[in-house]
Each structure stands twice: as structure tokens, then as C-alpha cells.
Amino acid sequence: MLELEGVDVFYGDLQALHGVSLTVEASEIVTLVGGNGAGKTTMLRTVSGLLRPRRGEIRFEGRRLDRLTPDRIVEAGVVQVPEGRRLFPSLTVRENLDLGAYTRRARPARARTLEDVMARFPILRERAGQRAGSLSGGEQQMCVIARALMARPSLLMLDEPSLGLAPMVVQEIFRIIREINGRGVTVLLVEQNVRQALATSRRGYVLETGRIVLSGTGQELLESEQTLKAYLGR
Amino acid sequence: MSASVVLSSLANGVMLGGLYALVALGLTLIFGVMKIINFAHGALMMWAMYASFWLAKLGGVDPYLSLAVTLPVGFAAGYAIQRAVITPVLEAPEHNQLLMTLGLALFLENLALLAFKADPRTLLVSYSQASVSLGPILLSLPRLLAFAGALAVTLLLFLFLKFTDLGKALRAAAEERDGAALVGIPVRRVYAVAFGIGTACVTAAGAMAVPFFYVSPEVGNTLVITAFVVVVLGGMGSFAGALAGGLLVGVVESLGGLFVHGSLAQIGIFALFILVLLFKPSGLLGAPSA
Numbered sequence: 001m002l003e004l005e006g007v008d009v010f011y012g013d014l015q016a017l018h019g020v021s022l023t024v025e026a027s028e029i030v031t032l033v034g035g036n037g038a039g040k041t042t043m044l045r046t047v048s049g050l051l052r053p054r055r056g057e058i059r060f061e062g063r064r065l066d067r068l069t070p071d072r073i074v075e076a077g078v079v080q081v082p083e084g085r086r087l088f089p090s091l092t093v094r095e096n097l098d099l100g101a102y103t104r105r106a107r108p109a110r111a112r113t114l115e116d117v118m119a120r121f122p123i124l125r126e127r128a129g130q131r132a133g134s135l136s137g138g139e140q141q142m143c144v145i146a147r148a149l150m151a152r153p154s155l156l157m158l159d160e161p162s163l164g165l166a167p168m169v170v171q172e173i174f175r176i177i178r179e180i181n182g183r184g185v186t187v188l189l190v191e192q193n194v195r196q197a198l199a200t201s202r203r204g205y206v207l208e209t210g211r212i213v214l215s216g217t218g219q220e221l222l223e224s225e226q227t228l229k230a231y232l233g234r
Numbered sequence: 001m002s003a004s005v006v007l008s009s010l011a012n013g014v015m016l017g018g019l020y021a022l023v024a025l026g027l028t029l030i031f032g033v034m035k036i037i038n039f040a041h042g043a044l045m046m047w048a049m050y051a052s053f054w055l056a057k058l059g060g061v062d063p064y065l066s067l068a069v070t071l072p073v074g075f076a077a078g079y080a081i082q083r084a085v086i087t088p089v090l091e092a093p094e095h096n097q098l099l100m101t102l103g104l105a106l107f108l109e110n111l112a113l114l115a116f117k118a119d120p121r122t123l124l125v126s127y128s129q130a131s132v133s134l135g136p137i138l139l140s141l142p143r144l145l146a147f148a149g150a151l152a153v154t155l156l157l158f159l160f161l162k163f164t165d166l167g168k169a170l171r172a173a174a175e176e177r178d179g180a181a182l183v184g185i186p187v188r189r190v191y192a193v194a195f196g197i198g199t200a201c202v203t204a205a206g207a208m209a210v211p212f213f214y215v216s217p218e219v220g221n222t223l224v225i226t227a228f229v230v231v232v233l234g235g236m237g238s239f240a241g242a243l244a245g246g247l248l249v250g251v252v253e254s255l256g257g258l259f260v261h262g263s264l265a266q267i268g269i270f271a272l273f274i275l276v277l278l279f280k281p282s283g284l285l286g287a288p289s290a
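Protein sequence lines correspond, in order, to chains A and B.
Under the working numbering, think of the first position of the first sequence as 1, with each following residue one higher.
Under the working numbering, think of the first position of the second sequence as 1, with each following residue one higher.
Just chain A, same shape as in the assembly (with noise of 0.2 Å):
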């Protein structure tokens, strides 16, 4: 469904990705791990079109991304979770997922959509009329990804939605993860909480200096003596 191949990225004259191939099949959850500064970010972000690769290429359903600009690649179905949240703090919630159905292929559907996901995050749905910035970080995750939902997105890339989560939250987000993917949508997972997400993922990939050094089965890595050792601190 997506696939990369021999993706280098740079910042300026500083080369953060070297040559990064990997695929992603309809349906699974994949995994992306790798330490700080691994790279992680900056593949999802030249996925979405924030970041040109110099050399290789994207394709999604067989057609190439790495030439649309962000609104395009949405509209094509992928839709990423930022880290970090990204909400538009001062518009209330609701203003917050009105926007994530800003494409044509999501605005038609997006009165029912909008009920689809609040159904899914109850929360939200108590939370519509305050401003999203007013919300509690695991609130803010939970409306980001209701905001992505709302694009209707065919593959769901995900930037460490666990990041700086009570553990209790984070079980909720993984668990939200999983009924997502349940209902058809492909998810791409990076994370920090590497026993975590490779325990919800059929396949991983580890990233490491920009460079994929290692992958397999979700059960595999975790096995993995490199794994332990460069991610698990043991």
C-alpha cells in the first residue's frame, strides 16, 4: 500500500535519511522504532510532503507522493497524527475536527463522520465547545486523532502517540489504535515505547542514524538481541 524506496532526505546539507526502503501492506500495523534523532519524524514527515526526499521515491496505491504538496497527500488518504499534537489551541474542539474533514474527500461525509468519532471518543463530545488547548494532554491525543479520523484517512501514521501519557492513557491510545486498525484502516506506528508498539504490530522496522537497520516480525524485534540492546537499554 505505501512503499519506500531508497528515500535520502536532507536538512540543508545534512543527510537525515540514507536511502530508507520499507513497505507497508493494506491493513497491518507496522512499526517504526529507533532512539531520538533516529530519523523517525523525518520519514513521516516527508511521507506527508512537509519534507522532499532528494533521491527515491513514495508511492501510495502504486502512485507516486513525493511530488504532491500536504493537502494533496491527505486528500490521497494518508493522514498523519503529529507528535507534539499540533491542535489549533485556541478554536474549540469541534472547530479543531471540523478541520480534519477539510479535504473533498472527507467534507461531504463529515457531518457523519464527526458522529462516528465522537461516538468513538465520548470525551470529545462533552469537550466540543472548549477551546482544544484547554484540554489534558491525553484529551489532546485523543483529538488529534479524532482529527485525523476525520480526513477518513486509508493509512493512519502515527508520531509517538504515546509520548508523555499516564501509563493508563497510554493502554487507552494503544487500545484505540487497535479498533482503528480493526476497522480497516493501515496504520504506521512510530514509538519510543518500543515494547508497547511492537507488541501491537504485525511487522517493525528499526531505524537507526537515519538508516533501517533491521527488520521482521513484531515478535521478532522484540526477540532481537540489537533491539534490546540499542532500544530497551538492556
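Honestly, the hints are just simulated from the structure, not real lab data.
Please read all numbers here as calculations on a predicted model, not as lab measurements.
Where is the CB? At the ideal position from N, CA and C, for every residue including glycine.
Honestly, I wouldn't trust all of these hints.
Claimed, not checked - In silico negatives: residues of chain B with every beta carbon more than 10 Å from chain A:
| id | residue |
| --- | --- |
| 1 | T87 |
| 2 | L102 |
| 3 | P186 |
Claimed, not checked - Derived contacts from chain B toward chain A, CB cut-off under 10 Å, selection only:
| id | residue |
| --- | --- |
| 4 | K168 |
| 5 | A169 |
| 6 | V187 |
Stated by the list, open to error - Here are some chain A residues pointing at chain B (derived, C-beta under 8 Å):
| id | residue |
| --- | --- |
| 7 | F88 |
| 8 | Y102 |
| 9 | R147 |
Mind docking chain B on chain A? Use the hints.
Leaving out everything else, chain B in the frame of chain A:
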């Protein structure tokens, strides 16, 4: 000095303030959305004033009627300017952006100088000298019209930003550019819309000023410096601040002209400006900066 003179002066100050607010609104919108200080704002207003002036002078079209043509043209010009010269410097360092808008201002001014010469011109319309009395208060009719027009434009803009999808997208792109791109908002197009609307604001202000203000290639500087004061006074990027700041500056200028000598009226504005900056650097209604 009689109370009615003071009251009239106060009221006329409020009227003028409405116009300042409208100019400031365009400036603060562009700044709020793109964090770009548009030095060409005044030059664009000057061109709008000339457009209304010549349409009235040669075509006999009332400035308010000419808005039917100048507003869409103003919007389109702003949109095109954004795409052609501002977008390329969006990622550039701040001083490059300043130089770009400043250069644009100089270009537009000199183009006007070439086309219209430096002489100030004034347009006399049937209601240029007319006034309306409201009890003891005597209001200048063109200023009253400008005030009403400015309020109407402000209200429309507010409704647009609050209730339309495009308006919400504009606010979203202003707050969180990457977040906006990631929900599928075409950020660059939305930026161009913001610049277009900002330019339409000065276009409206220009047309409404023409019946009681002179037109010259430098007129934009005078007005836009006041508008900068208004924007900073009210709080950069704040709409309510632009409105409040505009009214305040109008009143101070008008009363200053009454109590001190007319040409010294601006001293009051700048004294107020310095005081506000000393005691509330983020502006009257601006969020305290981090």
C-alpha cells in the same frame, strides 16, 4: 471651549478611528497568519485611493460604488503579490521578508509618483463638506460613512473567520502551520487568501477615505505609520486589539488637534504608544509574549 465642540471632536475622532482600525485590521491579519510585517500595506492603500479617485474624477463613480470594482481587484492584487513575491521569502530570514515588503512599497510608491506626480489631490464629492448633527454633536458625513463602512467590513471579516470553513482554515494555519497542512489545508493558498483579504481591507479603507482625505503618492506612509501604531498598541495579530487601538488613536489624534495645535496632534498618539509599550509591551489586548 464649549462642551459640544469637545464632544464633536471626540465623535469625529471615533469615526476616524474606525478607518484606522480597518487599515490596522488588514495589517494584523497578514501578520497574525504569516508573521510577516507588510510594509507595502500603505502603498497598496495609496493605489486603492488613486483607483477610487480616478474612477470618481474621470468616470463620475462615487467612491463607495467604485468598491464593487476595486474590492475584487484589491483582493486579486493581494493574492497575486503573495504568490509572486511573498511565498518565495516565506522560509527566508525575517530581514529578507522585511526587505521584500519594503522594496515592494518603494516600487509601488515610485510607480505612483511616475504616473500621478507628487501633487496632493483632493476629491470633492457632493457630501465632502456635509455634516450631520446629533443633538449637540456635529459629525462630518464622509467620516460617519467611513466609520459605518469600516465597522461593516470588520463585522463581515469577523463572521467570515468565525463561521466559514475557509475562515477557520485561516485561523488554523495562523496557529499551527504544519498541523494545518496535515489536515489537508492548502496552506500556501490560504496564505494568499489572507494577503488578499488584508489588501481588500486597505482597498475599502482607501475608497472610504477619499471623500475627506487628500491623495498623494506618499499618503500611504502617513496612514500606515498610524496603522502600525494601532496594531502594536492593540497587540500584534489581535483583531479586537486592532479595533480598540484604532478607535483610541482616532480619539487621541482628534482631541490632540483640538487642545494642542493641529499639526502636533500626532504627538499625543506617539506619547500614548510609548506609554503602552513601556507598561504593556505585548499591547493592550495582545497575549503576553513568552
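Structure-based check of each hint:
For B/T87, the requirement that its beta carbon stay farther than 10 Å from each beta carbon of chain A is met, with the minimum near 12 Å. At roughly 27 Å from the closest C-beta of chain A, the C-beta of B/L102 stays outside 10 Å, upholding its exclusion from the interface. A cut-off of 10 Å between C-beta atoms contradicts the statement that B/P186 is not in contact with chain A; the least separation is 4 Å. The interface hint given for B/K168 is met, as the beta carbon of that residue sits about 6 Å from the closest beta carbon of chain A, less than 10 Å.
With 10 Å as the threshold, the beta carbon of B/A169 comes within range of chain A, its nearest partner Cβ sitting at about 6 Å, so the hint holds. Because the smallest distance between the Cβ of B/V187 and any Cβ of chain A comes to about 8 Å, under 10 Å, the interface hint for this residue holds. Among the interface hints, the one on A/F88 holds; its C-beta lies about 5 Å from the nearest C-beta in chain B, closer than the 8 Å criterion. For A/Y102, the suggested interface contact is upheld, since its CB lies about 5 Å from the closest CB of chain B, less than 8 Å.
Interface restraint check: A/R147 against chain B, minimum CB-CB distance 6 Å, threshold 8 Å, status holds.
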